[in-house]
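Undergrad: The opening position of the sequence shown corresponds to residue 3 in the numbering used here, with each subsequent residue numbered one higher.
FYI, nobody ran anything at the bench for these hints, they're computed from the structure.
Keep in mind that the hints are not guaranteed to be accurate.
Derived DEER-like restraints, expressed as beta-carbon distance ranges [unchecked claim]:
(1) Asp151 <-> Ile243: 44 to 52 Å
(2) Trp411 <-> Glu348: 49 to 57 Å
(3) Trp411 <-> Lys219: 35 to 43 Å
(4) Asn241 <-> Lys400: 38 to 46 Å
(5) Glu120 <-> Asn148: 37 to 45 Å
(6) Asp113 <-> Asp48: 43 to 51 Å
(7) Asp151 <-> Gly402: 33 to 41 Å
Each residue gets a CB set at the ideal place from its N, CA and C atoms; glycine is no exception.
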Amino acid sequence: MIDIKDIREKPEFYKKNIKKRGFEEKKIEKLLSLDISWRKLKKDVDSLRSRRNQISEEINSAKKQGNSISSFIKEAKEIPLNLKSKEKKLDEIEKERMSLWKNIPNILSEDVPIGGAEKNKVLKTFGKISDKIPKLGHAEIMEKYNLIDTEKAAQISASRFYYLKNELVKLNFALINFAMDFLSKKGLKLIQTPYMLNRNALEGAITLDLFEEAIYKIENEDLYLIGTAEHAINAFKSNEIIPNKDLPLRFGGFSTSFRKEAGSHGKDTKGIFRVHQFEKIEQFVFCKPEDSWKEFDFILKNSIEIYKALGIPFRVVLLSSKETSKTSTKTIDLEGWYPSQKKYCELGSCSNCLDYQARRSNIRYQEGNELRYVNTINNTAIATQRMMTCIVENYLKKDGSIKIPQVLWKYFGKKEISAPLSS
3 MIDIKDIREK PEFYKKNIKK RGFEEKKIEK LLSLDISWRK LKKDVDSLRS RRNQISEEIN
63 SAKKQGNSIS SFIKEAKEIP LNLKSKEKKL DEIEKERMSL WKNIPNILSE DVPIGGAEKN
123 KVLKTFGKIS DKIPKLGHAE IMEKYNLIDT EKAAQISASR FYYLKNELVK LNFALINFAM
183 DFLSKKGLKL IQTPYMLNRN ALEGAITLDL FEEAIYKIEN EDLYLIGTAE HAINAFKSNE
243 IIPNKDLPLR FGGFSTSFRK EAGSHGKDTK GIFRVHQFEK IEQFVFCKPE DSWKEFDFIL
303 KNSIEIYKAL GIPFRVVLLS SKETSKTSTK TIDLEGWYPS QKKYCELGSC SNCLDYQARR
363 SNIRYQEGNE LRYVNTINNT AIATQRMMTC IVENYLKKDG SIKIPQVLWK YFGKKEISAP
423 LSS
């Protein structure tokens, strides 16, 4: 959430910022109009409340002096009615103001390219890609090797759900254990989060529009399934003052994650690349503003090291203004190479949210006599389902076996997944 005082002082800056993201400038104008009405009405309400308390004293004083209290009595009767009306209006304006304010996106970093997906900037590429197009993509490979069952899952659940089977279950846990060990050695504190949060906690991490687009709600409960461990780790320090000596506070978090994928109809429908439920290992940092970009570079470097260790071809991409999420000032995607599609696809991302989430969640630290908001940075160390799709395509050998990345051998228990007998 943006500091409302800053929006008041620099409206033109925020109009330009929101326009770069592809949103209408009038959102800023409407917010400021509501803010003016809210401040005026709040002043009136505060004045009436003060007068209500004051008039009681004046009535008592008039009685003691033997003076008439009729005018005071008349005013005392009018105040509650007037106050009730104004309080109701104030509540209505406050809800509309907060809803709009919480949906104003973060300021963009100066180096973010302006435009849509076509303006995304490739920063670096790792690994060699093959010109040969395999006969099978990841979905076909997994089905042929009896590693997934999406048909049965769709029958008993819904589309984009799945059963992991046989060696793919082991590969999933191998990736999880490898990533958690890696992050632990880098000094991150390991944490496994709740899979559900109440609305207030979740609003600290995401903008309101995502509740409809991405988040599952539990019926008749103030509970929502998390879309990533990022949400729960951010909430872990909500309404707290983090001791100065504890910053930067770095977490390596694990969770199962849940997403509606409402805007992905007809996209990546086969296999387990784009699903409603998946495992994710997340890096999350709380830090001082002056350390923000140093911490961003630190967790991005960790992520790149993980991908390099797994031996997949991948690239690092700076997202454009319209592709950057509302909470983030700058996002870098890591995209893996898919031989069957002859293209790179997103496997994870790294985002700096500055103090946007900290303001929403009231997460601060003390600097001298002043309380300041921390900055938050998040990164997908590994989303295991997507990573497995990339591994099976890039590690499929001519003899039909699937090689296991060497770094996973001790976790997986063997060096390859054998070809099915029918292959």
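Undergrad: Look at each hint and say if it fits the structure.
TA: Here is what the structure says about each hint:
1. Asp151 <-> Ile243: 44 to 52 Å: 49 Å, holds
2. Trp411 <-> Glu348: 49 to 57 Å: 27 Å, violated
3. Trp411 <-> Lys219: 35 to 43 Å: Holds, at about 42 Å.
4. Asn241 <-> Lys400: 38 to 46 Å: Distance hint for Asn241, Lys400 is violated at roughly 57 Å.
5. Glu120 <-> Asn148: 37 to 45 Å: Holds - the Cβ-Cβ distance for Glu120 and Asn148, about 40 Å, lies within 37 to 45 Å.
6. Asp113 <-> Asp48: 43 to 51 Å: 44 Å, holds
7. Asp151 <-> Gly402: 33 to 41 Å: 20 Å, violated
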